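Enquirer: We have chain A; now place chains B and C onto it with these hints.
Residues per chain are reported as follows:
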Amino acid sequence: MALLKNGWYCAATSAEVGDKPFARRILGLPVLLVRDSSGRVQAMSDMCPHRFAPLHKGVRMGDAVECPYHGLRFDLTSGRCVHNPHGDGRIPDTARIPKFPVEERQEVVWIWPGDPQLATPDSIPDLQLFAPGASGRVAGCMTMQVDYRLVLDNLLDLSHAVYLHAGTLAPSRAKREVTNINGETSIRVNSVMRDVATPSSLGLYFPAARGDVHSHIEWMAPGTFRQGLTITEVGADPEAGAITRNAHLITPETERSTHYFWFHSRNRLADNQSIDEGTRAILSKAFLTEDEPMIAACQSYQAGREFFSLTSVFLPTDRAGTRCRRIMERLIAGQTITSTDRPGTAPEFREKQESV
Amino acid sequence: MALLKNGWYCAATSAEVGDKPFARRILGLPVLLVRDSSGRVQAMSDMCPHRFAPLHKGVRMGDAVECPYHGLRFDLTSGRCVHNPHGDGRIPDTARIPKFPVEERQEVVWIWPGDPQLATPDSIPDLQLFAPGASGRVAGCMTMQVDYRLVLDNLLDLSHAVYLHAGTLAPSRAKREVTNINGETSIRVNSVMRDVATPSSLGLYFPAARGDVHSHIEWMAPGTFRQGLTITEVGADPEAGAITRNAHLITPETERSTHYFWFHSRNRLADNQSIDEGTRAILSKAFLTEDEPMIAACQSYQAGREFFSLTSVFLPTDRAGTRCRRIMERLIAGQTITSTDRPGTAPEFREKQESV
Amino acid sequence: MALLKNGWYCAATSAEVGDKPFARRILGLPVLLVRDSSGRVQAMSDMCPHRFAPLHKGVRMGDAVECPYHGLRFDLTSGRCVHNPHGDGRIPDTARIPKFPVEERQEVVWIWPGDPQLATPDSIPDLQLFAPGASGRVAGCMTMQVDYRLVLDNLLDLSHAVYLHAGTLAPSRAKREVTNINGETSIRVNSVMRDVATPSSLGLYFPAARGDVHSHIEWMAPGTFRQGLTITEVGADPEAGAITRNAHLITPETERSTHYFWFHSRNRLADNQSIDEGTRAILSKAFLTEDEPMIAACQSYQAGREFFSLTSVFLPTDRAGTRCRRIMERLIAGQTITSTDRPGTAPEFREKQESV
Numbered sequence: 000m001a002l003l004k005n006g007w008y009c010a011a012t013s014a015e016v017g018d019k020p021f022a023r024r025i026l027g028l029p030v031l032l033v034r035d036s037s038g039r040v041q042a043m044s045d046m047c048p049h050r051f052a053p054l055h056k057g058v059r060m061g062d063a064v065e066c067p068y069h070g071l072r073f074d075l076t077s078g079r080c081v082h083n084p085h086g087d088g089r090i091p092d093t094a095r096i097p098k099f100p101v102e103e104r105q106e107v108v109w110i111w112p113g114d115p116q117l118a119t120p121d122s123i124p125d126l127q128l129f130a131p132g133a134s135g136r137v138a139g140c141m142t143m144q145v146d147y148r149l150v151l152d153n154l155l156d157l158s159h160a161v162y163l164h165a166g167t168l169a170p171s172r173a174k175r176e177v178t179n180i181n182g183e184t185s186i187r188v189n190s191v192m193r194d195v196a197t198p199s200s201l202g203l204y205f206p207a208a209r210g211d212v213h214s215h216i217e218w219m220a221p222g223t224f225r226q227g228l229t230i231t232e233v234g235a236d237p238e239a240g241a242i243t244r245n246a247h248l249i250t251p252e253t254e255r256s257t258h259y260f261w262f263h264s265r266n267r268l269a270d271n272q273s274i275d276e277g278t279r280a281i282l283s284k285a286f287l288t289e290d291e292p293m294i295a296a297c298q299s300y301q302a303g304r305e306f307f308s309l310t311s312v313f314l315p316t317d318r319a320g321t322r323c324r325r326i327m328e329r330l331i332a333g334q335t336i337t338s339t340d341r342p343g344t345a346p347e348f349r350e351k352q353e354s355v
Numbered sequence: 000m001a002l003l004k005n006g007w008y009c010a011a012t013s014a015e016v017g018d019k020p021f022a023r024r025i026l027g028l029p030v031l032l033v034r035d036s037s038g039r040v041q042a043m044s045d046m047c048p049h050r051f052a053p054l055h056k057g058v059r060m061g062d063a064v065e066c067p068y069h070g071l072r073f074d075l076t077s078g079r080c081v082h083n084p085h086g087d088g089r090i091p092d093t094a095r096i097p098k099f100p101v102e103e104r105q106e107v108v109w110i111w112p113g114d115p116q117l118a119t120p121d122s123i124p125d126l127q128l129f130a131p132g133a134s135g136r137v138a139g140c141m142t143m144q145v146d147y148r149l150v151l152d153n154l155l156d157l158s159h160a161v162y163l164h165a166g167t168l169a170p171s172r173a174k175r176e177v178t179n180i181n182g183e184t185s186i187r188v189n190s191v192m193r194d195v196a197t198p199s200s201l202g203l204y205f206p207a208a209r210g211d212v213h214s215h216i217e218w219m220a221p222g223t224f225r226q227g228l229t230i231t232e233v234g235a236d237p238e239a240g241a242i243t244r245n246a247h248l249i250t251p252e253t254e255r256s257t258h259y260f261w262f263h264s265r266n267r268l269a270d271n272q273s274i275d276e277g278t279r280a281i282l283s284k285a286f287l288t289e290d291e292p293m294i295a296a297c298q299s300y301q302a303g304r305e306f307f308s309l310t311s312v313f314l315p316t317d318r319a320g321t322r323c324r325r326i327m328e329r330l331i332a333g334q335t336i337t338s339t340d341r342p343g344t345a346p347e348f349r350e351k352q353e354s355v
Numbered sequence: 000m001a002l003l004k005n006g007w008y009c010a011a012t013s014a015e016v017g018d019k020p021f022a023r024r025i026l027g028l029p030v031l032l033v034r035d036s037s038g039r040v041q042a043m044s045d046m047c048p049h050r051f052a053p054l055h056k057g058v059r060m061g062d063a064v065e066c067p068y069h070g071l072r073f074d075l076t077s078g079r080c081v082h083n084p085h086g087d088g089r090i091p092d093t094a095r096i097p098k099f100p101v102e103e104r105q106e107v108v109w110i111w112p113g114d115p116q117l118a119t120p121d122s123i124p125d126l127q128l129f130a131p132g133a134s135g136r137v138a139g140c141m142t143m144q145v146d147y148r149l150v151l152d153n154l155l156d157l158s159h160a161v162y163l164h165a166g167t168l169a170p171s172r173a174k175r176e177v178t179n180i181n182g183e184t185s186i187r188v189n190s191v192m193r194d195v196a197t198p199s200s201l202g203l204y205f206p207a208a209r210g211d212v213h214s215h216i217e218w219m220a221p222g223t224f225r226q227g228l229t230i231t232e233v234g235a236d237p238e239a240g241a242i243t244r245n246a247h248l249i250t251p252e253t254e255r256s257t258h259y260f261w262f263h264s265r266n267r268l269a270d271n272q273s274i275d276e277g278t279r280a281i282l283s284k285a286f287l288t289e290d291e292p293m294i295a296a297c298q299s300y301q302a303g304r305e306f307f308s309l310t311s312v313f314l315p316t317d318r319a320g321t322r323c324r325r326i327m328e329r330l331i332a333g334q335t336i337t338s339t340d341r342p343g344t345a346p347e348f349r350e351k352q353e354s355v
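Chains as they are written, first to last, in numbering that gives the first Met the number 0: chain A, 0 to 355; chain B, 0 to 355; chain C, 0 to 355.
You may find that some hints are simply not true.
One copy or any two copies: either way a pair holds, since identical chains are not told apart in the list.
Keeping only pairs whose Cα atoms sit at most 30 Å apart, straight-line, the calculated DSBU-like set for lysine-lysine is [said to hold, decoys possible]:
(1) Lys56 <-> Lys19
(2) Lys19 <-> Lys98
(3) Lys284 <-> Lys174
(4) Lys284 <-> Lys56
(5) Lys98 <-> Lys56
(6) Lys19 <-> Lys174
(7) Lys284 <-> Lys98
(8) Lys56 <-> Lys174
If you're looking for bench data, these hints aren't it; they were derived computationally from the structure.
Remember, predicted model here, so these are calculated numbers, not experimental data.
Extracted from the complex, chain A is given alone in its bound form (with noise of 0.2 Å):
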């Protein structure tokens, strides 16, 4: 098992979650995703425990879900079981489901996807974004089919980007100086390029033809990134620049899949729509196009090979990346594994199968 289950993921764009239920998989585990009557998002498995029918497909009565299969209600709020429609209609004590604990902030739905008892909201980062309406504000999502490892790594190495994504959100082949700032379960990285031609995607609200590039990133276990990135006329002051607040945030869908939500603020231009527009535009083809087919084609040539195990060459610029690893590695060996994945296995619901 390489997934931390105890932390903070995000599950959803606020947008995303309304009256109607849907289902995401989060970490392997089915997830429905609904508002309540007071608004409120609700997140709890999407497996009934009788059959195992996609709750997400039943009907939504009031503040319940109705199984499609056999017609269980369950409560949005609670989980339980609250009508069964058939015989003497007695409830059973199992007819539960594993419910998650779930916040929403700054228009991001937020899930603990491990045991309840250690979720604290407390911990949910503060993405630092510039505020919606004070700036221009583009989000966007994706699935990508690789190991959610490998987006960490590509994040905390942006050396690659003068390659992969030269043309699009970076000068050519220029040189990074680089600093990084260790956490015990957090990694910064700041870095600058100086008097480099001006990338695409900040040409769109920075008109001269170089500048400084300045980019803080930060991460924080288990999968929230928060970015500034900063272009200034060459050796001028960053806070005077065209300035950019971002944020990456990495959901593993299973062991090989993983989800990217990504949102971006800026500070100049910010009503400008069609400037919102050439940044999606832009933002979209890097992440769709260039980053995630290459972390494919290179999980594809790890062959499942554990990582470590292929000793591969260590670079300077891979530090960051690898502490990553570390870090995880050891948050993962301390947890303990939960099992809201499975109807049942929980202690209460241990009560035995009626014999027949």
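Expert: Chains B and C in isolation, oriented as in the chain A frame:
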């Protein structure tokens, strides 16, 4: 192994089997089906014992089939090689193809995939359909990408119909009174829904808007269901109603996919072909677009885990399905595994490979 | 492992390899093939030893290739990293790419995927084709989704041709007289079919309706076949006939898929390009629409079971194929497994991963 080989299964409808060999996978075995020159159905392994070529692609030559790869010819009745076109033409003793016991009854071709010594044609069930000509008959066949046991569960608990098939086969959310009658290797489930809206499928020939719906469905191991489904005026005697007699014949294709043959006959407006067409359309829709996707979704969430290991919620409506699983487990545990899927592993085939 | 690494295989035709790198999987290994500035073919692992990126997607820079992910540059001749664009530019000793011995002969690029110390160019077979220019030549390449051993079997037992290839390569159901001549790591199979209908493929340049067809085919381990196929007037001297010389070069792509390169040359109407086209069409049809589907069907019925475990029917026509399997088993058992597929596992790569 979760398949019972020693049992009679529907291999095909009579109409499917003609002079030209065709192949169908049954309990994982590739089976060639064809009529010999006397019109009798013959069933044998489709795999040439020489190099494993698919015999059904070969040329039919009288009551033999010629292998399409190297031209060995095999007799349809005995399975023995009757012609080796190469060299001195000597025919090795091992050049034989396993034959399967097969019986044709009531327009169904029954096969016994297990030990031929144990095949007992007397145990082939009478489907109790109305006779053709006397009544409207409709039949169909599909292959579902699901474990056959989930199909047995589905048919043994018709409480799902008022949810999954509301709009086709059943009234929405109606109450059903259920009685089970258990046999050693069979289960009968009788049920009635009183004073309910007439379902679309029965409304084709029952004019009242409401009625009582009686179902008598009987499972006989391993995969035969016969079902009387009747609608009457509210409170009336079922014998006076619109009576249908149905069969559902469930044959595992592999451990993860299932052939589903169904047959329908009725006592009313039996000569009306547009009712035949309407019935075919509604039943096909229900089985293909309602049952199969739901069962496949449940199987996907079950994720390969053994059913009972999941200690799912047990409802009284699950009694018949659970008992059926226990009967099948017992029958499977008691069977001697035969080797009809491997050329050369039966004792008479164990002649040593000629040394070269 | 059922692959012999220590042997010469066809990696590509000369025409396929140019200045732009391309990748082909050979014996499971991703191989980059390219010509250096002197025109010499170079073959090396396509997998960057840093993060496993596919090097053939990188930029060619003189006699080096730049990794498309992080920009390391590798020399085509030595495989060594010659440029690290990051930080202080230090190049780790481990930044080397395994090279494969490669030889270009008779328009074929030969590769040795195993231990380079054992590569012996002298053992590359002369294909004995008619020289280009002097005779009509046609060639083709395809990748079959089948175990290479089933392709060897196919070519070593041409008795299948009068069934599978009646209509293209062979007369229908004709008798063939066969003689085998065994070598240590080679097998020659000579055969003749007397007074048979002229096959379509030979009828393109042999006008008589009937003739004698002589075949001399020789397998040389691991995957080379050269074949003289001649048609003469009935009873005439083969030397006076329409003579073709052919090569079939069989290279495992993986354990379950196979590259098939074929070459054809003839002594009659050698300048007639419409005969070239006709030959290409018939041979392609035979290999792609007759051989591959049949071999794939046999493999499907074999269902992953080891061939000899199935104790299939053995015919005298199977002698050459069976002997070939035994020779390959012996050679594979005797080989030392090398590690060219893993960066860092060869002794010189075992430098410790830098600690972080």
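Enquirer: Now look at each hint and say whether the structure bears it out.
Expert: To see whether the hints hold, each was checked on the structure:
1. Lys56 <-> Lys19: Classified as within: same-chain Cα gap 9 Å, cross-chain 44 Å, threshold 30 Å.
2. Lys19 <-> Lys98: within (17 Å within a copy, 55 Å between copies)
3. Lys284 <-> Lys174: within (23 Å within a copy, 54 Å between copies)
4. Lys284 <-> Lys56: Between copies only: 18 Å across, 33 Å inside.
5. Lys98 <-> Lys56: within (18 Å within a copy, 46 Å between copies)
6. Lys19 <-> Lys174: The answer is between: 27 Å across copies meets 30 Å, while 49 Å in one copy does not.
7. Lys284 <-> Lys98: neither (36 Å within a copy, 35 Å between copies)
8. Lys56 <-> Lys174: Only across copies: Lys56 and Lys174 sit 22 Å apart there, 52 Å inside one copy, limit 30 Å.
In this structure, only the earlier hint numbered 7 is contradicted, and the remaining ones agree with it.
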